[in-house]
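Trainee: The primary structure of each chain is shown beneath.
There are 2 protein chains.
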Amino acid sequence: MAKVVPIKRSILEKDQLVADGIRKNLAARGVVMLNCIGSPGAGKTTLLEHTFSQLELRAGVVEGDIATERDAERIRRAGVPAVQINTKGLCHLEAQLVQRALEELPLNDLDLVVVENVGNLVCPAEFDLGEDRKIAISSVPEGDDKPLKYPHLFTLSEVVVLTKTDLLPHIPFDKARFWEDVRFLNPKALCLEVCAPSGEGLDSWLGVLSEWCHAKRQKDSV
Amino acid sequence: MAKVVPIKRSILEKDQLVADGIRKNLAARGVVMLNCIGSPGAGKTTLLEHTFSQLELRAGVVEGDIATERDAERIRRAGVPAVQINTKGLCHLEAQLVQRALEELPLNDLDLVVVENVGNLVCPAEFDLGEDRKIAISSVPEGDDKPLKYPHLFTLSEVVVLTKTDLLPHIPFDKARFWEDVRFLNPKALCLEVCAPSGEGLDSWLGVLSEWCHAKRQKDSV
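From first to last, the protein sequence lines stand for chains D and V.
Its first residue numbered 1, the first sequence is counted upward by one per residue in the numbering used here.
Its first residue numbered 1, the second sequence is counted upward by one per residue in the numbering used here.
Just chain D, same shape as in the assembly (with noise of 0.2 Å):
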């Protein structure tokens, strides 16, 4: 997290209100909003281009990066619109600069924007972007002692996501112990296994997206 210093509080109470004004507006079309959120080299963008590769829902990026535009051009290659955010520096997203980026996005034909966060396990968890729900992305070769280690993003999120499950036969990586520590923040968690190239896991992850779209629309129907 950034300092605490008194000025702190108000940059936060007014992000907080553009935050809030993001979850009203995709909640009015209907949108869900996800905040992905891990490592560097967590595999957040291969998940999500294979996710895109098999998803029956129009979904949309936002792609937070210190520097270059390589991850939104990964994301493009797979059909989908991606706007890239270059924090230069700034360790994680805020909802002043997620607002921006929507605005480029063609947000009345979107099921689900997915917005990827800057690649740290520390900082992005505490900003409120104005999504429906974290998830943390966390891979085998970072190691079973991430969630004990960092508690606080795996406490907030609603689906934890242990990546690079192809690397098990090759790493010591204990993975009882990883997913007590992920109940034991976070008992609520829905915890998925996957392996993004080979497809493993990925229809679980594919399931509970289209869970999610599905139920929102339902509600904002209502």
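Incorrect hints may appear among the rest.
Dumping the calculated DSSO-like pairs for lysine-lysine here, alpha-carbon to alpha-carbon at most 30 Å [stated by the list, open to error]:
no., chain 1, residue 1, chain 2, residue 2
1, V, 24, V, 175
2, D, 219, D, 175
3, D, 216, D, 14
4, D, 88, V, 175
5, V, 88, D, 175
6, V, 14, V, 88
7, V, 175, V, 188
8, V, 88, D, 88
9, D, 216, D, 188
10, V, 14, V, 219
11, V, 219, V, 188
12, D, 14, D, 219
13, V, 175, V, 219
14, V, 14, V, 24
15, D, 14, V, 14
16, V, 216, V, 14
17, D, 188, D, 175
18, D, 14, V, 88
19, D, 88, V, 14
20, V, 88, D, 188
21, D, 88, V, 188
22, D, 14, D, 88
23, D, 188, D, 24
Hints were generated in silico from the structure; no laboratory data involved.
Owing to the predicted nature of the structure, the values given are computational and were not obtained by experimental measurement.
Fit chain V to the supplied structure of chain D, relying on the hints for placement.
Mentor: Relative to the frame of chain D, chain V by itself:
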């Protein structure tokens, strides 16, 4: 980096004074201090464990983590004194935290202090802790695109250590591209490849540490 607000400057100025004080204190004792920075799960602690099992220098460690004492316990099991700092949410170490930790290490009996920063490829690079050198630790499974996506750390580091090279056969990773991007950002960086558990590449890293500690003692005794 932390959000840029007017109050930040005075905090950074105070922190810089503390960092300068640490640097002066360690120079007087001929102790080298390194600031190791990398993503969560980049292999920082594993590199240190295997370093200390072979290093013929008297070392101490300052461990920075959001939560848990696990990494300090691992280092102590390797026979090296370690002080754990739990930042409780703060995404990086600051000089004042390190100063207090150094008071718990037997500095007069050490050649080398290694600070293992909070797992984070962004924020820790912004803060001077009074170290002699920054070391960037990047692991193969994070992907070959990390230098250009997170340029600040790679630009500032004197050494870039690519870890987990044993996973190269199992992961698409363009090593030539990785090093090319590192050299584009930082032509003078020393580039090392290590698989700590097998010991591959460890000799070069140990040689660099010995050379630095030897040079500092020589300089301080002139």
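Trainee: What are the numbers of the hints the structure violates, in ascending order?
Mentor: 1, 2, 13
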